[in-house]
Amino acid sequence: MKQVTISANPISTARALEPLEHLGGGAIASFTGIARADSGVVALELEHYPGMTEQNLNALADEAMARWSLLGCVVIHRVGKIAVGQQVVVVATAAAHRAEALDACAFLIDRLKTDAAFWKKEHRSDGSALWVEAKGTDDARAEKWRD
Amino acid sequence: MRFVYFARVREAVGMDSEERAVPAEVRTVQDCIAWLESCDARYAAAFAEPARLRFALDQQMVAADTALAGHEELAIFPPVTGG
Numbered sequence: 007m008k009q010v011t012i013s014a015n016p017i018s019t020a021r022a023l024e025p026l027e028h029l030g031g032g033a034i035a036s037f038t039g040i041a042r043a044d045s046g047v048v049a050l051e052l053e054h055y056p057g058m059t060e061q062n063l064n065a066l067a068d069e070a071m072a073r074w075s076l077l078g079c080v081v082i083h084r085v086g087k088i089a090v091g092q093q094v095v096v097v098a099t100a101a102a103h104r105a106e107a108l109d110a111c112a113f114l115i116d117r118l119k120t121d122a123a124f125w126k127k128e129h130r131s132d133g134s135a136l137w138v139e140a141k142g143t144d145d146a147r148a149e150k151w152r153d
Numbered sequence: 012m013r014f015v016y017f018a019r020v021r022e023a024v025g026m027d028s029e030e031r032a033v034p035a036e037v038r039t040v041q042d043c044i045a046w047l048e049s050c051d052a053r054y055a056a057a058f059a060e061p062a063r064l065r066f067a068l069d070q071q072m073v074a075a076d077t078a079l080a081g082h083e084e085l086a087i088f089p090p091v092t093g094g
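Those protein sequence lines, which keep their order, are chains S and G. Under the working numbering, think of the first position of the first sequence as 7, with each following residue one higher. Under the working numbering, think of the first position of the second sequence as 12, with each following residue one higher.
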């Protein structure tokens with residue numbers, strides 16, 4: 007079972023987990039990314055490349071399914087304006103045992119950060135807005151999974 | 012060829028997409044960047060830091076030395092920052 011969704015509306019970890027709960031596995035792992043209130047940030051704005059972004063996410067989900075023999079995999083990413091405190095991304099995995107579910111979940115979020123066509127802008131309380139720069143630490147985390 | 016721009020690049024160029032006839036001598040993605048820069052100062056500003064540019068041809072990520080031949084859409088954007 008694989009589900010990849012890009013949503014312009016609010017997303018929810020609880021709803022994302024539902025389809026994974028009855029696949030017969032013994033383990034579900036998930037990661038939820040939340041818009042953080044860094045120094046004056048009031049909202050994030052997420053842009054994507056329609057078509058390519060879906061392909062990127064599907065490729066990552068397919069790789070995770072095969073590499074960890076998952077029973078299920080859900081990737082949901084919000085786009086558009088996202089208020090601080092709201093969910094930006096949910097990745098969740100179901101497997102027979104916890105090790106596969108946890109590793110696949112970490113793989114999905116680490117590689118999503120560097121491989122999926124999304125761009126993030128921070129809107130601040132003073133009205134200014136700034137594109138977020140890609141981080142070398144994210145590249146290093148994603149690189150760990152390439153072997 | 013259809014050009015699409017995202018994020019900081021889109022804002023610097025001032026549009027999200029455009030159609031342009033590419034001269035025959037423009038063979039690679041890199042050639043294309045240099046050609047666009049010569050067309051208008053907005054492109055020169057948008058593409059000022061080559062290390063902060065990424066490219067996709069027909070929605071597949073490619074390196075700057077990739078040939079344009081056989082492709083319809085070139086996307087130019089900064090390194091991705093989702094999640």
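Treat the hints as calculated values from the structure; they're not laboratory data. Take the hints with a grain of salt, since some may be wrong.
For each label pair, taking beta carbons as the anchor points, the in silico distance ranges come out as [what the hints assert, rightly or not]:
1) G91(S) / A45(G): 17 to 25 Å
2) Q41(G) / G57(S): 21 to 29 Å
3) A32(G) / P56(S): 21 to 29 Å
4) N64(S) / V33(G): 26 to 34 Å
5) R152(S) / E29(G): 29 to 37 Å
6) R53(G) / E24(S): 46 to 54 Å
7) A23(G) / S45(S): 20 to 28 Å
Just so you know, even glycine gets a beta-carbon here, dropped at the ideal spot from N, CA and C.
For each hint, the structure was consulted:
no., hint, verdict
1, G91(S) / A45(G): 17 to 25 Å, "violated (45 Å)"
2, Q41(G) / G57(S): 21 to 29 Å, "holds (24 Å)"
3, A32(G) / P56(S): 21 to 29 Å, "holds (25 Å)"
4, N64(S) / V33(G): 26 to 34 Å, "holds (30 Å)"
5, R152(S) / E29(G): 29 to 37 Å, "holds (35 Å)"
6, R53(G) / E24(S): 46 to 54 Å, "holds (47 Å)"
7, A23(G) / S45(S): 20 to 28 Å, "holds (25 Å)"
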